[in-house]
Amino acid sequence: MAGELIGSILSLIVLVGLGTAGVLTVLIWKKNRVARVTFLRFVIQAVGLAALFFLFSLEPSIPLLYVLITWFTVTLFLGRFFCGWICPFAFIMDIESLIRKTLKIRHRLLPDKLNIALHKGRYLILAVFLLLPLALWLLNPPPNTASAVMMAQLLAGPFRPYSIIIDPLIPFVVPWTGQLVLGSVNLSYPYIGNILTFVEATPGQIFAVVFVAVTLIGAFFVRRVWCRFCPAGASIAALNKFKAFKGVPLLYIEKDEEKCPKCGVCKRVCPVQVNDVYEQKGGKIGTSQCMLCARCVEMCPYEDTLKIKFGNKPVFKSRNWLESSIVNEERKIE
Amino acid sequence: MNKNETVERRYLPEISRKEIDELKNTVKVSSQKIIADNIERMKKADPHRPDAMKYFDDIANLFGRRQQEIQAEKEKGKKVIGYLCLFAPTELISAADAIPIRVNSGWYDTSKLGDRVVPVEVCPVIRSTIGAKMIELSPFLEQSDALISVLTCDGMTKLSEILSDQKTIWGMNVPRIKDSTQSLRFWSDEIRHMKTQIETFTGNKITRNSLKEAITVSHRATKVFRRLQELRKGNPVIMGRDAMLVNQAYTWDDKKRWTEKTEALCDELEKRVQQKDWVCNSDTPRVMLTGTPMFWPDSWKLPTLVEEGNPQGIIVADEQCSGERILSDPIGVDEWSMDDMLNAISERYLMASTCPCFTSKDGNEDRINWLLNKVKEWNVQGVIYYVIRGCMLYAMEYSRVKKALDKINVPVYYLDTEYTREDVGQLKTRVEAFMELLNARVDF
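Just so you know, the sequences run in chain order F and Y. Letter 1 of the first sequence, counting from 1, is numbered 1 in the numbering used here, and no numbers are missing. Letter 392 of the second sequence, counting from 1, is numbered 392 in the numbering used here, and no numbers are missing.
One or more of the hints may lead you astray.
[Said to hold, decoys possible] Below, simulated DSS-like cross-link-like pairs (lysine-lysine); rule was C-alpha separation at most 30 Å, straight line:
hint	chain 1	residue 1	chain 2	residue 2
1	F	K104	Y	K205
2	Y	K44	Y	K18
3	F	K281	Y	K233
4	F	K101	Y	K112
5	F	K284	Y	K407
6	F	K104	Y	K223
7	Y	K18	Y	K54
8	Y	K18	F	K309
9	F	K307	F	K281
10	F	K313	Y	K376
11	Y	K233	F	K313
12	Y	K403	F	K307
13	Y	K28	Y	K112
14	F	K307	Y	K376
15	Y	K271	Y	K43
16	F	K284	Y	K376
17	Y	K256	F	K104
18	Y	K18	Y	K33
19	Y	K256	Y	K78
20	Y	K428	Y	K361
21	Y	K403	Y	K376
22	F	K101	Y	K223
If you're looking for bench data, these hints aren't it; they were derived computationally from the structure. Here the structure is a predicted model, which means the values were calculated and not measured.
Turn these sequences into a full structure, and let the hints guide you.
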């Protein structure tokens, strides 16, 4: 009892600490935008991780339906903001990139065609994810006799939309939910974990291990490799595809055509190789590939050329990153 | 280069040593006079010129301090690598512990000598550079151990061939369509090839750290350059000619020292902004120059006319590869790995450039956008489109620029001239007429 109490107090302290760090970073960043967005993102991701951790470990748990409704509403307005700034799996990939950078290893690019194919193929991947449980169930029928119930659960499982979105995050948020343990290391990839609840066959387990290994090792060399075909992204992308929602996104990137000499920096620094920011002539950049991570806005060397806007209000503008902005503001002439 | 002297001259005529020396001395004396005269006029135009300009006046003497410094460095074993076009990756040169230096010639007199090799229809910058080589006038051209020539316009392409009679020349092939992936791939291969070439030539390996250092140095330079440009946005605190000289001095000066001195200049100018100490009336027409590069010292002809004319104008911005284009784009390095730095360098030199030698799906739209943006940001009231006869690319792009500027109701004046001092009187009338027009518009 005492141990549990101390544990929860400690984790509460961690949460409060992280939250304060987040608020402080935002404040510092607002004052002096020389602080790089990349570090701001790390803090937000850490805070996000903690928040999700508590969300999932709450007792009694929040009905997932509410999470789902909130999720879809937020997505409508913010696009893939979640992917760029909060997603814990992306956090892990960003940390991997950080390690790679410190080791001075170059990153690889996927060929453009493959990248676009993956982007489009995410629906296929999504479909496979949906059909896999069924296939595995058919191959290895569970020993349980109440198979009709099992079948119903199985078929319903993948179609619970929240599980598509949230399940990939579970192992990083609540690691002990996994079923896949190698030695004492929990390797479970959650969605596969769900499958393995029904199927305890070796092929499924091998598939799970390979899958996790490929995404994690791949992310070491290719930045944010998983984001390029993440099914969570697919659901958001699908939402953004509807014409009716086109005007809805409140958070978007805008480009000023006249100020842009097309130096190509935005294209090169993008962690998911989005070309649209470079190629589009100006105005609102609309693509479901973009995660609004603001890396391009941060690195654009021409002042005010790229902006992230919330509604009509720019929240973050590209600036002359060679120069400290404090000095810059003092020197307004006339 | 002893080796090259025995090579048969395919282009350059044989001139006797005596003739070379005679011509060289005459031109050198007259050129020194012009440099002194230009500086004198700049001083006169701004009675209390910033003190920091003294350094630039000193460095502006092409036959003076900087020449001796480079000579001293050369004796210590450093290599000097010249370049004829801004596309040459100077960071790679600095990273290999060599001195990058721009060798284009701005001497009017030598262009007459160039006529012996190429016809008069050829761009005078090219003719003048050839002439300077013939009489060994340009100290920087003579001092450079190798030249990087980027084959941008026709003139540059053949100039490198002509100079290869006497110099080691490395050509770089620049793709004409800049916004396609295959162009970029090609160009970044050229950059990587140039890297190995520089490494073998200098014997110094370009390491990750040395390249990072070189890029940081040019970042600092860009930073201070932008600071200077920012100062020119408001009421005029510096004469356009002074700022142009500062910009251009970067191509032959030591980069770190240039940055320090320009910082000092900006500090001084900022004080003047606070004291509201302007160099001329705030309603003086604000002029922007664009077009063919203007090389120090002789091409100061036009800026002098603009800023000393009656009515007077003030140059607040330019879009020339002898001016702002030298430093306006920083190298946007993402990850500081060797590979990424090289990619960043190749993108900065190819894609950020607004040279008219490029075209793309929308023509050279980047240049138009860049011009429009400059006109708006710097409150430009009139644009002088400067073309020297023979500069085809700039001349041919004029119509489009004019249409674009007409749309935002900014007058543009097409001013064609030659590498000659004979048309100064005529130019004066033309420039003053344009200034008169701008003044009338201000009055409205």
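Checked hints:
1. F:K104 x Y:K205: holds (18 Å)
2. Y:K44 x Y:K18: violated (39 Å)
3. F:K281 x Y:K233: Within the cut-off at roughly 26 Å; holds.
4. F:K101 x Y:K112: violated (55 Å)
5. F:K284 x Y:K407: Within the cut-off at roughly 24 Å; holds.
6. F:K104 x Y:K223: Since the Cα atoms of F:K104 and Y:K223 sit roughly 26 Å apart, the hinted pair holds (cutoff 30 Å).
7. Y:K18 x Y:K54: Not OK: Y:K18 and Y:K54 at ~36 Å, beyond 30 Å, violated.
8. Y:K18 x F:K309: violated (70 Å)
9. F:K307 x F:K281: Holds, at about 14 Å.
10. F:K313 x Y:K376: holds (22 Å)
11. Y:K233 x F:K313: holds (26 Å)
12. Y:K403 x F:K307: With a Cα-Cα distance of about 29 Å, the restraint between Y:K403 and F:K307 holds, given a limit of 30 Å.
13. Y:K28 x Y:K112: holds (15 Å)
14. F:K307 x Y:K376: Distance of about 19 Å is within 30 Å: holds.
15. Y:K271 x Y:K43: Since the Cα atoms of Y:K271 and Y:K43 sit roughly 19 Å apart, the hinted pair holds (cutoff 30 Å).
16. F:K284 x Y:K376: holds (22 Å)
17. Y:K256 x F:K104: Holds, at about 27 Å.
18. Y:K18 x Y:K33: holds (23 Å)
19. Y:K256 x Y:K78: Within the cut-off at roughly 17 Å; holds.
20. Y:K428 x Y:K361: Violated. Y:K428 to Y:K361 sits at ~39 Å, over the 30 Å cutoff.
21. Y:K403 x Y:K376: holds (16 Å)
22. F:K101 x Y:K223: holds (25 Å)
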